[in-house]
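Protein chains in written order, with our numbering: chain D, 2 to 192; chain U, 6 to 212; chain R, 2 to 182.
Each hint should be verified, as a subset may be incorrect.
[Stated by the list, open to error] Calculated lysine-lysine pairs in the DSS-like style (CA-CA distance at most 30 Å, straight line): (1) U/Lys203 - D/Lys35; (2) R/Lys126 - R/Lys116; (3) R/Lys126 - R/Lys68; (4) U/Lys130 - R/Lys3; (5) D/Lys66 - R/Lys3.
In case anyone wonders, no lab produced these hints; they're calculated from the structure. All of these numbers come straight from a predicted model, not from anything done at the bench.
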Amino acid sequence: MANIFLLALTALLIENFVFVKFYGICPFLGVSQKTDTAVGMGLAVTFTMTIASALTWSLYHFVLKPLHIEYLETIAFILLIACLVQFIEMFLQKAIPSLYSALGIYLPLITTNCAVLGVALLNIQNSYNFIESVIYGFFAGLGFLLAIFLLSLIRERFEFARIPKPFQGVPIALIAGGLLALAFSGLKLSF
Amino acid sequence: MAKDKFSVKKAFRDGLFDQNPIFVQLLGMCSTLAVSTSVFNGIGMGLSVTFVLILSNLFISMLRNLIPSKIRIASYIVIIAGFVTVVDMVLQAFIPSLAESLGLFIPLIVVNCIILARAESFASKHGPLPSMLDGLAMGIGFTVALVIISAIRELLGSGTLLGFKITPQSFSPAVLLISPVGGFLVVGGLIALVQWIKSKSRSKKED
Amino acid sequence: MKKYLSLGVRLSLFVAAVVLMLSVVNLFTRDIIVERQRIAGQVAREALLSGSFTEMTDFVIPESEAKTVTAVYRAEQNGAVVGYCVDVTVKGYNEITMIVGVNTDLTITGVKILKQTETPGIGSKAMDENGAFLPQFKGLSSRNLDSVTAISGATVSSVGVQSGVRSALNVCSLILEGKGE
Chain D
2 MANIFLLALT ALLIENFVFV KFYGICPFLG VSQKTDTAVG MGLAVTFTMT
52 IASALTWSLY HFVLKPLHIE YLETIAFILL IACLVQFIEM FLQKAIPSLY
102 SALGIYLPLI TTNCAVLGVA LLNIQNSYNF IESVIYGFFA GLGFLLAIFL
152 LSLIRERFEF ARIPKPFQGV PIALIAGGLL ALAFSGLKLS F
Chain U
6 MAKDKFSVKK AFRDGLFDQN PIFVQLLGMC STLAVSTSVF NGIGMGLSVT
56 FVLILSNLFI SMLRNLIPSK IRIASYIVII AGFVTVVDMV LQAFIPSLAE
106 SLGLFIPLIV VNCIILARAE SFASKHGPLP SMLDGLAMGI GFTVALVIIS
156 AIRELLGSGT LLGFKITPQS FSPAVLLISP VGGFLVVGGL IALVQWIKSK
206 SRSKKED
Chain R
2 MKKYLSLGVR LSLFVAAVVL MLSVVNLFTR DIIVERQRIA GQVAREALLS
52 GSFTEMTDFV IPESEAKTVT AVYRAEQNGA VVGYCVDVTV KGYNEITMIV
102 GVNTDLTITG VKILKQTETP GIGSKAMDEN GAFLPQFKGL SSRNLDSVTA
152 ISGATVSSVG VQSGVRSALN VCSLILEGKG E
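For reference, chain D alone in the conformation it holds in the complex (with noise of 0.2 Å):
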């Protein structure tokens, strides 16, 4: 239980998938300019990262490794993901139309961000068992849909402010994202 809670408490906070890791940082700043959506991307993100997690991990452990095609790790893996991304798609359109109408422009973004393929190799790599990757998985996406959460409301502020010009835009976005990085290492020095 202790394991699992760190494992939680890493992925969240310590080894945040954004500001340590540097997975998703496309989406960080390319959909954080307002809240609402910068949480819906980081929900939709959450979501499929976790399944994608719980899927990627049984197709190594149930296919590919028994099969000892370990080398295909990487094309199955972002096939899966396209494929879950496109499925997650029709059934919300199908079953839950307020949910896809607040998350569908999101999904198809989703197949091409990093941190969820990353946060798949990274449950082989590490050898996690199945429901260490899922809670790492979610945890994971957690923490990313922190990361663009607070990057969002600091930008929000930023159409208030008088920046320079050169630094308006990615590059304004970039240095506040350092200022967060660095608070999150403060986090990270401490254990």
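Chain D is fixed; fit chains U and R onto it per the hints.
Same frame as chain D, now just chains U and R:
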């Protein structure tokens, strides 16, 4: 081929300056921030991406009439993932130290937006030779940008360049720069610099 | 329906072609990768103990340590056992693979890190062979293993390495006890 007017010079000017993947198009930020802690890593990552870009552009361009538009993204990803895995295996076999320090960011080239963006916006509309050259030019632009970022971070963060001690003993390196925080700050600063230079040259042209 | 089928067939064809290419490349690189890892392990072992090494395939690693200890090599010099090298995999924030050298009097000859992916500049400080952490282990035994001080900011990595060393010592003492009977 009239509308396909393709000039090698323009391709390289786009790749290096006008459409530089990192500084102007702001693509591939994850690997940029993560691997630019040393020049060795930067060059290794840059060349790996260049290799994948050239080959995926070539094959996607050759197959562009066979790939149905409905499943084109999936097809591109399959082709890209294939070449990325080749790079991964070759590095593990022949340059293990690089494979180790780049770690998961080698397989993650698959989802590097630069490659998919070039496939979608260039290779799927042009012939094999221009597509290859476009891949080469964009790859070099990516590599050069990575080298600039990693040189700054390595020099100030560890006091070395390519592993050789450069700074005098009295200089104590700012470890902050090779930590994640430094990645955000250096890249943010450089992009601001590029935007400043661009706005300067634009206002000069208008004069 | 027919349209979807043809799309599926085409995509499968692409996948098949790519898989074929990868299996060919894998054929060439697989042996090199395995051989390189073997040599890397060999070099690390030779730096920890002198003598010739044989993997102890007859020794069954106890279940309590089987998760951490992956292999044990016996070092022999002029026909006498001089020590053991234990391959250990532990969790820092990420997985750390290392080799621990142990003398026959159960003191540590050193710790070599084979593979680690801890954060550069922070956790990686505990992984540096010439740093402040790893050299502390040399000469210690299970009695005074706790005297090692962790690197601040790399506590989790340090504790991971320390627990791996303890597992290696446990396994070696079991081997030596078995010998005494």
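Now the hints, each set against the structure:
1. Of the supplied pair hints, the one linking U/Lys203 and D/Lys35 holds, its CA atoms being roughly 27 Å apart against a limit of 30 Å.
2. Distance restraint check for R/Lys126 and R/Lys116: the Cα-Cα separation of roughly 14 Å lies within the 30 Å cut-off, and the hinted pair is therefore satisfied.
3. Taking the CA atoms of R/Lys126 and R/Lys68, the gap is near 25 Å; set against the 30 Å cutoff, the hint holds.
4. For a cut-off of 30 Å, the pair hint linking U/Lys130 to R/Lys3 stands: about 27 Å separates their Cα positions.
5. Our distance criterion of 30 Å between C-alpha atoms is broken by D/Lys66 and R/Lys3, whose separation comes to about 34 Å.
The earlier numbered hint that this structure contradicts is number 5, and it is the only one.
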